[in-house]
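> For reference, the chains in residue letters:
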Amino acid sequence: MNHDIFIAILATAVTAGTPILYAALGEILTERAGILNLGVEGMMLVGAVCGFIIALNTANPWYGILIAMLAGGAVALIHALLTITLKANQVVSGLALTMFGTGLSGYIGKSYVGMPLPAPFHKIALPGLSNIPVIGPVFFNQDPMVYLSYILVAALWFLTFKTRSGLHLRAVGENPAAADSMGVNAFQIRYIYVVIGGMLAGIGGAYLSLYYVPSWMENITAGRGWIAVALVIFATWNPVNALWGSYLFGGIDALGFRLQTLNVNVSPYFLKMLPYIFTVVVLVLVTKRNMVKRIGSPQALGLPYDREER
Amino acid sequence: MILSSYTIEKRLAPSSTAFIFIPVLSIVLALIFGAVFLNLSGFNFIEIYTKMFTGAFGSYYGLTETIVRSIPLTITGLGVALAFRMQLWNIGGEGQLYMGAFAATWVALSFPSGSAWWLLPAMVLLSMLAGGLWALLPAIPKALWGVNEIITTLMLNYVAIFWVDYLVYGPWKDPNGFNFPLTAQFGPGAILPALGNSRIHAGLFFGIILAVLFYIVIYHTRWGYEIRVTGENPNSAKYAGMNTLKNIILVMVVSGAVCGLAGMSEVSGIGGRLQHGLSPGYGFTAIIVAWLSRLNPFAIIIVSFLLGGLQVGGYIVQTSGIPSSMVSMLQGMLLFFVLGGELLTNYRISKTPVTMSGVDNR
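Chains V and E supply the protein sequences, listed in that same order.
Read in order, the letters of the first sequence correspond to residues 1 to 310 in this note's numbering.
Read in order, the letters of the second sequence correspond to residues 1001 to 1362 in this note's numbering.
Hints should not be assumed to be uniformly reliable.
Unchecked claim - Negatives, chain E to chain V, calculated, CB over 10 Å:
{"#": "1", "residue": "Phe1021"}
{"#": "2", "residue": "Leu1136"}
{"#": "3", "residue": "Val1147"}
{"#": "4", "residue": "Ser1198"}
{"#": "5", "residue": "Ser1328"}
Said to hold, decoys possible - Subject to a maximum C-alpha distance of 30 Å in a straight line, what follows is the list of computed DSS-like cross-link-like pairs (lysine-lysine):
{"#": "6", "chain 1": "E", "residue 1": "Lys1010", "chain 2": "V", "residue 2": "Lys293"}
{"#": "7", "chain 1": "E", "residue 1": "Lys1173", "chain 2": "V", "residue 2": "Lys272"}
{"#": "8", "chain 1": "E", "residue 1": "Lys1238", "chain 2": "V", "residue 2": "Lys288"}
{"#": "9", "chain 1": "E", "residue 1": "Lys1238", "chain 2": "V", "residue 2": "Lys110"}
{"#": "10", "chain 1": "E", "residue 1": "Lys1173", "chain 2": "V", "residue 2": "Lys87"}
As the list claims (entries may be wrong) - Covered stretches of chain V, as calculated for chain E (at least 3 residues, CB under 8 Å):
{"#": "11", "segment": "18 to 25"}
{"#": "12", "segment": "152 to 159"}
{"#": "13", "segment": "168 to 176"}
{"#": "14", "segment": "194 to 207"}
{"#": "15", "segment": "261 to 271"}
Read the hints as simulated data drawn from the structure, not as lab findings.
Note that the coordinates shown come from a computational prediction; the quantities given were computed from them, not determined experimentally.
Every residue, glycine too, gets a C-beta built ideally from N, C-alpha and C.
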C-alpha cells in the first residue's frame, strides 16, 4: 500500500471514529453515574436529524450542533425520568429510547432525506502542527469538531479523575447510598450526567449528518450508537482510552470503505459486516481482559437507587 | 407542605388491578402523544387514527392482514420472552429470524420438487437449528466470561441481514426475477398451507403451540423453575446449586431457535421465497411485545395481535403521507408508558406521610 493511501485511511479513521467518540464519551459519563443508557443509537439519530434541519435552514453548522445537543439531552431526559425517578428497568428503557429515537428521527426527517447541506463543516489545517509528518495530516488537518473532541477528552478525563465533581460522580456510580449519606445528591448527579450523556450523543449524531456524510437519511447511524456502548467497556470507562478506541473502530469502518473502492474481490456485503464482527470479537477479548485484570463496570451500574431501601 | 405529604412506598405484593390497567392506559397515552405529533405536522389525528383502526380491524382483509403480521410477532415475542425470563437480553431476534429464513430457504431451494410431508419438517428443523446456532455465538462468551449479550446479539443482527442481502443480491438471486433482490419461488412442497383465501398461514399454529409449550415449560417443569429463579435472583440460584452456565447457553439457544422458526414461517408462509427486507423489524418489536405482556405467553398472543394491527394501520396511512417511522415512534412511546406505569404496579402513592411503611396491620 503506498504511503499516501495509508495516510488517507488513517485520517479517515479519525473522522469515522469521531461520532463514535462523542457518543462514547457521553455514555462513559452516564455509566459512571451508575445509569446504563442503551438509547445511544436513538439519541444520536435525534441529534443527527435535528442538527441537520437547523444547519440546513440557518446555513450554519454550529447552530446545528447546538440544537442537536439540546435535542439529545431532551430525549435523554426521558430515560432519566424513567430510570431515576420511576426506577424503571434501565435495559428496557434504553431499548425503548432507541426505538423512539429511530421512529422520531425518521418521522421528522422524512422530507429532508437526501437533501444536500449548503454549508457543512470544512477541514482546517492547524498551522505548524499539520506539517508534522504522518501525525500532522492524520490528526491536525481535520474539521473543528475533531479538534473540539480532543479538548473534550482532556477535559472529561480531568473532570472525572482530578476534580471534586468527578469524585462525586464516581461515588454515585459505585455506591449511591454511601455517596448520599455523605451529602452528595445522588438523584441530581444521575440526572445531570444522563442528560449530558444525551447531549454528547446528539453531537455525535449531528457530526454524521453535518460532516461525515453530510446529508440526512433514515438510520444514518447504522449501529454506531451500539458500537459506542461497546466502546465504553473497551475503554474501561476512561475518556482517554475512548479516544484511541474510537479511532480503531473508525479505522475498520474506513478500511472496509476503502477496500470497496479498490475493487477487491470480496462482496461489499462482507465488507459491510466488518465493523459489527469486529465489535463482537473485540468485546469478547476485552471482557476477558477486564475479568483477568479485575476491571469492572461501576458497581451500581444498572441498579435503581432507592433511599427507602438503603 | 401539602405536596411533600405524598409519598411513594413499595407495595408488599404487585397490584393486580395495575397489571391489566397499565398496558391499556399506556396504549391510550401513547396514542394521545402520537396525536400531538400528528397535529404538529399538520395532520388531522382523528382522521388518521380512524383510517388506521378501520384499516387494521374494520374489514375482512384488514383483520386477516393483522393476523398475518401477528404471527412473526408472537413467535419472536415468545422467543425473546423466554430469554428475558432469565434476565438474558436477547436483542438478536431479528438476526435469528433472518438466519432461520436463510436455512429454511436453503432446504427449499435444494429440493424444489420435494413433497411437503418431509420438506416442511426439514425446513422447520433447519431454521430452528440456524437460529439456535446464531444465538449460541453470543451465548458462549456470555456464559463463560459474562460478555454483554445485548451488544453481541444486536451486532449479529447486522451480520445476519447483510448475509441474507449478499445471497439475494448475489448467488441466490432469481435469474427470472427482473433483477429484484429475491430468490426463486419455492416448490409447492415448501409452502405452508394458507387458511381459506386469506394470507393467514399455518405459522399461526406454531405461535399457539409455542405459547402453550412456553407456559408448560416455565410454570410446570424443573427447568422452567430454574429459569425463573435465576432471572429473579441469580445468587439464590447459585446457592441452590443450579447450573447457571448451562442454563444461559440452553435458554439462549432455545430463544434463538424459536426466533429462527419465525423466519421459516415468513418465507414459507408468505411469498414463498427469501427476499431483501424480509422483516420490518419483527425481532425488535418482539421486545415490546414481550415486555408489554409481562412475559406471559398468552398475553403475548393478544399483544402481538394489537401491535400487528398497529403495523397494518401504519402501513395503510402511508398513502395519506404519514411516514412509516410513525409506527416505531408510537411503539417506543408505548414502552415508555408501560415502564413508567410499572411504578404503579410495584409502588403506591399515599397521601399521608409514611410512618409505618411496609408494615401491614393484621
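> Are there three or more residues in the segment 261 to 271 of chain V whose C-beta lies closer than 8 Å to some C-beta of chain E?
With 3 residues close enough to chain E, the hint holds.
> Do the alpha carbons of Lys1173/E and Lys272/V lie within 30 Å of each other, as the hint requires?
holds, 19 Å
> Quick one, are Lys1010/E and Lys293/V close enough, alpha carbons at most 30 Å?
violated, 39 Å
> Hey, is Phe1021/E genuinely clear of chain V, shortest beta carbon separation above 10 Å?
holds, 16 Å
> Is the Cα-Cα distance between Lys1238/E and Lys288/V 30 Å or less?
It holds: about 21 Å lies between the C-alpha atoms, which stays within 30 Å.
> Confirm or reject the statement that Ser1198/E sits farther than 10 Å, beta carbon to beta carbon, from all of chain V.
holds, 29 Å
> A cut-off of 10 Å on Cβ-Cβ distance, and Val1147/E was said to be off the interface with chain V. Does that hold?
Per Cβ check, Val1147/E is inside 10 Å of chain V; nearest 4 Å; violated.
> Holds or violated: is the Cβ of Ser1328/E farther than 10 Å from all Cβ atoms of chain V?
Per Cβ check, Ser1328/E is inside 10 Å of chain V; nearest 3 Å; violated.
> Per the coverage rule (Cβ-Cβ under 8 Å, at least three residues), is the segment 168 to 176 of chain V covered by chain E?
violated (count 0)
> Sort out whether Lys87/V lies within 30 Å of Lys1173/E, counting only the CA atoms.
violated, 49 Å
> Decide if the proposed pair is consistent with the structure: Lys1238/E and Lys110/V, CA atoms, cutoff 30 Å inclusive.
Given pair Lys1238/E, Lys110/V is violated - Cα atoms ~51 Å apart, limit 30 Å.
> Do three or more residues of the segment 152 to 159 of chain V come closer than 8 Å to chain E, measuring C-beta to C-beta?
This one is violated; 0 residues, fewer than the three required, reach chain E with a Cβ under 8 Å.
Hint check: violations occur at hints 3, 5, 6, 9, 10, 11, 12, 13 and 14; the rest are consistent with the structure.
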